[in-house]
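Asks: Read off the chains here:
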Amino acid sequence: MKRREFFKDASLLAAAAAYGDVVGKPPVPSCPVTLLAMPDYGRDLSREIAAVMTADGLVLKGKKVLLKPNFVEAHPARPINTNIAVIAGVAHACLRLGAAEVVVGEASGHRRDPWFSVLNPSLRAILDKKVRCVDLNHGDAVAVANRGRRTGLPTFYVARPVVEADVLISLPKMKTHHWMGVTLSLKNLFGALPGIYYGWPKNLLHLKGIDNSILDLAGSVPVHYAIVDGVVGMEGDGPIMGTAKPVGALVLSPFALAADATAARLMGFDPGMVSYLARAGRFMPGLGAGQIVLRGENPKRFATRFACPNIFKAMQGGPFF
Amino acid sequence: MGGFPDSLLQVYNTLVPQPPASEFAVLTDKLLSFSRPDGGLPYYRGNSSSAEPTLLAALALFAVGAPEASSKPPLSFLRSLQNLDGSICVDAGKRDQGLWLTAPAAIAFHRLGLKDNLKNALDFILSVRSLTALNDPRLKQDNTLTGWPWVRGTFGWVEPTAWSVIALSLGGLGEHARTLEGRKLLLDRQIPSGGWNYGNPSLYDKELLPFWDTTGLALVALKDNSGAASLDRSLDLLDESQDKIESLRGLAWAVLGLQCHGRDTTKLRKRLLTVMKSMPEPEIDTANFSLGLIALSGKKVFAA
Chain X
1 MKRREFFKDA
11 SLLAAAAAYG
21 DVVGKPPVPS
31 CPVTLLAMPD
41 YGRDLSREIA
51 AVMTADGLVL
61 KGKKVLLKPN
71 FVEAHPARPI
81 NTNIAVIAGV
91 AHACLRLGAA
101 EVVVGEASGH
111 RRDPWFSVLN
121 PSLRAILDKK
131 VRCVDLNHGD
141 AVAVANRGRR
151 TGLPTFYVAR
161 PVVEADVLIS
171 LPKMKTHHWM
181 GVTLSLKNLF
191 GALPGIYYGW
201 PKNLLHLKGI
211 DNSILDLAGS
221 VPVHYAIVDG
231 VVGMEGDGPI
241 MGTAKPVGAL
251 VLSPFALAAD
261 ATAARLMGFD
271 PGMVSYLARA
281 GRFMPGLGAG
291 QIVLRGENPK
301 RFATRFACPN
311 IFKAMQGGPF
321 F
Chain H
1 MGGFPDSLLQ
11 VYNTLVPQPP
21 ASEFAVLTDK
31 LLSFSRPDGG
41 LPYYRGNSSS
51 AEPTLLAALA
61 LFAVGAPEAS
71 SKPPLSFLRS
81 LQNLDGSICV
91 DAGKRDQGLW
101 LTAPAAIAFH
111 RLGLKDNLKN
121 ALDFILSVRS
131 LTALNDPRLK
141 QDNTLTGWPW
151 VRGTFGWVEP
161 TAWSVIALSL
171 GGLGEHARTL
181 EGRKLLLDRQ
191 IPSGGWNYGN
201 PSLYDKELLP
211 FWDTTGLALV
221 ALKDNSGAAS
231 LDRSLDLLDE
241 SQDKIESLRG
251 LAWAVLGLQC
261 HGRDTTKLRK
271 RLLTVMKSMP
281 EPEIDTANFS
291 LGLIALSGKK
301 VFAA
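Those sequence lines, one after another, are chains X and H. Everything in the first sequence is counted per our numbering, starting at 1 for the first residue and increasing by one. Everything in the second sequence is counted per our numbering, starting at 1 for the first residue and increasing by one.
Note that these hints are calculated values from the structure, not bench results. It is possible that part of the hints are untrue.
[As the list claims (entries may be wrong)] Below are the DSSO-like pairs computed for lysine-lysine, each with C-alpha atoms no more than 27 Å apart in a straight line:
id: 1; chain 1: X; residue 1: 130; chain 2: H; residue 2: 206
id: 2; chain 1: H; residue 1: 277; chain 2: X; residue 2: 129
id: 3; chain 1: X; residue 1: 300; chain 2: X; residue 2: 313
id: 4; chain 1: X; residue 1: 129; chain 2: H; residue 2: 119
[To be verified] FRET-style restraints, in silico, Cβ to Cβ:
id: 5; chain 1: X; residue 1: 145; chain 2: H; residue 2: 76; range: 31 to 37 Å
id: 6; chain 1: X; residue 1: 163; chain 2: H; residue 2: 243; range: 39 to 45 Å
id: 7; chain 1: X; residue 1: 206; chain 2: H; residue 2: 25; range: 52 to 58 Å
id: 8; chain 1: X; residue 1: 163; chain 2: H; residue 2: 116; range: 44 to 50 Å
id: 9; chain 1: X; residue 1: 145; chain 2: H; residue 2: 115; range: 38 to 44 Å
id: 10; chain 1: H; residue 1: 246; chain 2: X; residue 2: 298; range: 53 to 59 Å
Here a beta-carbon is modelled for each residue, glycine too, at the ideal position from N, C-alpha and C.
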C-alpha cells in the first residue's frame with residue numbers, strides 16, 4: 001500500500017509504471033534528469049538537491065526513506081565509495097522535504113566490517129542525528145519474488161530495511177567496472193542483499209551472470225530515485241583498482257535507468273552498447289537520449305571520456321551532448 | 001551454578017593481564033541483554049535471532065567462564081537451526097540459507113560438548129566443496145584448489161574456508177585431506193606482502209588490500225603452520241598495523257590471530273576493551289561483540 005501511495009504521489013513515476021504495464025506500444029515517458037554542479041565535496045548541496053527532488057515530483061513528507069550508497073572497500077587513495085558529503089547532502093535534503101525517517105543502509109560487497117561502511121565515524125559525524133545508519137549485511141531479510149527470472153533464482157533475500165522503506169534512493173559512485181563497463185545506480189542494488197545470505201563477495205550473483213542479476217534485481221526491487229556521485233568518479237580498472245576522475249557533477253533522476261544512461265554518456269560510454277543498460281531499456285524507461293529531458297547544468301560542461309579496460313573501448317563513443 | 005570446567009579453558013598466555021572480572025561481567029551482561037525469548041541473539045537490537053551471533057555468544061559465554069546454564073538458551077536455539085543434513089541455516093524461516101554457518105556452529109558444538117550435533121555438522125562440512133576453475137593468468141592464485149564457499153555451488157573464499165579448517169581441526173580432522181587442502185588454499189590466497197583480502201591476493205598484478213578480520217581469521221586457521229616464513233609476513237603486517245586498526249571486529253580478529261601465534265597483544269587488547277565499553281548500543285553487532293569477549297578472555301576457543 002505504501003508503495004502504491006508513493007507512486008500515486010509522483011505523476012512521473014506513474015507514467016513509468018504504465019510504461020511497464022502496457023502490452024503492445026507502451027508510451028515512452030519523458031524522463032527528467034538533472035545535472036547539478038558540485039566541483040568538490042566541500043559544498044553543501046542539500047538545498048539544491050531538495051529543490052530538484054521536489055521538481056521531479058518526489059514526495060517524501062511522512063515517508064520512510066532509505067538511502068543506498070555504494071561502499072565496497074575502503075582505500076585511502078582511491079575514490080571507491082559514494083562520498084560521505086554526497087550521502088549527507090541527500091540525507092539532509094530528505095529531512096528538509098519532511099521525511100519521517102531517513103536511513104542510510106548498505107550491505108558492503110567486500111567488507112564484513114561495517115566500520116568500513118555505513119558505521120564509520122566519519123559518516124556519522126556529518127549526519128544529522130535524526131539520520132540512522134544501518135549495516136544491511138547483518139540483519140533480517142525478506143524473501144522477495146524475483147520478477148525477472150533471468151538468473152533462475154526464484155527469490156532474492158532483500159534486507160528488511162530496504163523492503164520496509166517507502167522510498168529507496170540509490171546513491172552510486174560514477175565508476176568503470178572491469179566486468180560490466182560501468183557501475184551505477186542499478187548495479188548498486190547488489191548492496192540491498194545481505195552478505196550473510198550471499199557472502200563476500202556476492203559470488204552467486206556473479207555466477208548467475210552479473211548483467212542477469214542486475215536486471216532481475218532492477219525488476220524486483222524498485223528504485224524510486226537515483227543520484228549518481230560524479231563529483232570524483234573512478235576510471236580505468238574500476239570498481240576497486242581504478243584512479244580518480246573528477247567530473248564535478250551529481251546526476252539526479254526519478255528514473256534509475258535514465259540516471260545511469262546519462263551518467264554513462266558523461267563518462268563517454270554509449271549506454272546502448274553497455275549490455276545490461278541496453279537490456280534494461282527493454283523494460284525500463286530512460287535508455288534512449290530521446291526519452292530524457294535534461295535539466296540543470298549544460299552536460300557539455302561535464303562530458304568526458306573515462307579510461308577503461310581495452311575490452312570496453314568499443315562501448316565508448318560520442319560526443320553525446 | 002558453576003562455570004565451565006577449568007580443563008576446557010586453556011589460556012594463551014597467563015602473563016597477559018585479563019580485564020578485571022567486574023568488567024567482564026558488565027560486558028557479558030550487555031551481551032546477554034540482547035537475548036531474545038527464543039534463546040537466540042540478533043546481530044543488532046531489533047532484529048530476529050540469527051545463527052552467527054547466537055553461536056558466537058555461546059562461545060563468548062564459554063570463554064569468559066559464565067555460568068554453564070547461561071549458554072543453554074543460545075545452544076538450544078542453535079540446535080533448532082540444524083537441518084537433517086547437518087547444515088546450519090541463517091534462521092528458522094530460511095532453512096536453505098547460510099550453509100557457511102555450519103563451520104562456526106561446529107566449533108560451538110565442539111566447545112560445548114554437543115557431540116551428535118558436532119558429528120552431523122562435520123559430515124556436512126566435508127560434503128561441501130567449492131567450485132574450482134582453470135587458472136587465470138590475471139589472478140596469481142591456484143584456482144584448482146578446493147575450499148569452502150559461502151553459498152553452495154560457488155567458489156571458495158577465505159572466511160568460509162578458514163572457519164571450516166578450524167572446525168575440522170578442532171573436531172579431530174586436522175589431517176583430513178580436505179583440511180590440508182583448505183590450509184593450502186588459504187596459504188595460496190595470502191597477499192604476497194602479507195595479510196588476506198576476502199579472497200584474491202591480487203588482480204592484474206596489483207595486490208589487493210589486506211583486511212584485518214580475514215587476516216586474523218586466516219592466521220587462526222593456519223595456527224598449525226606456525227613458523228612458516230610466509231606467515232611471518234602476515235603476522236608482522238598485523239603487528240605493524242596495530243595503531244591503524246580501529247573497529248571492534250578488526251581489533252578482535254587481530255588479537256585472536258596474533259595471540260594464537262604467540263605474539264604480544266597487550267596494546268590491542270586495551271584498545272579493544274575501550275572500544276567495547278564505549279560502543280553506542282545501536283552499533284553493537286553482537287557477533288563482533290562476542291568475538292571481542294573471546295579475544296579479551298585469552299582463552300583458546302578457536303585453536304586446539
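Asks: If a hint holds in the structure, say so; if it does not, say that too.
Replies: Results of checking the hints against the structure:
Taking the CA atoms of residue 130 of chain X and residue 206 of chain H, the gap is about 41 Å. The hint is violated against a cut of 27 Å. A C-alpha spacing of about 21 Å is found between residue 277 of chain H and residue 129 of chain X, which places the hinted pair at or below 27 Å, so the restraint holds. A C-alpha spacing of about 21 Å is found between residue 300 of chain X and residue 313 of chain X, which places the hinted pair at or below 27 Å, so the restraint holds. A threshold of 27 Å between alpha carbons decides the hint, and for residue 129 of chain X with residue 119 of chain H the separation of about 49 Å lies outside it, so the pair is violated.
For the hinted restraint 31 to 37 Å between residue 145 of chain X and residue 76 of chain H, the CB-CB distance of approximately 33 Å keeps it satisfied. Between residue 163 of chain X and residue 243 of chain H the Cβ separation comes to about 40 Å, which falls inside the hinted range of 39 to 45 Å. Checked against the hint of 52 to 58 Å, the pair residue 206 of chain X and residue 25 of chain H fails, with Cβ atoms roughly 46 Å apart. Evaluation of the 44 to 50 Å hint for residue 163 of chain X and residue 116 of chain H yields a failure: the beta carbon distance comes to about 37 Å.
Between residue 145 of chain X and residue 115 of chain H the beta carbons are some 41 Å apart, a value that agrees with the proposed interval 38 to 44 Å. Roughly 43 Å separates the CB atoms of residue 246 of chain H and residue 298 of chain X, a value that falls outside the hinted 53 to 59 Å.
Hints 1, 4, 7, 8 and 10 from the earlier list are contradicted by this structure; the remaining hints agree with it.
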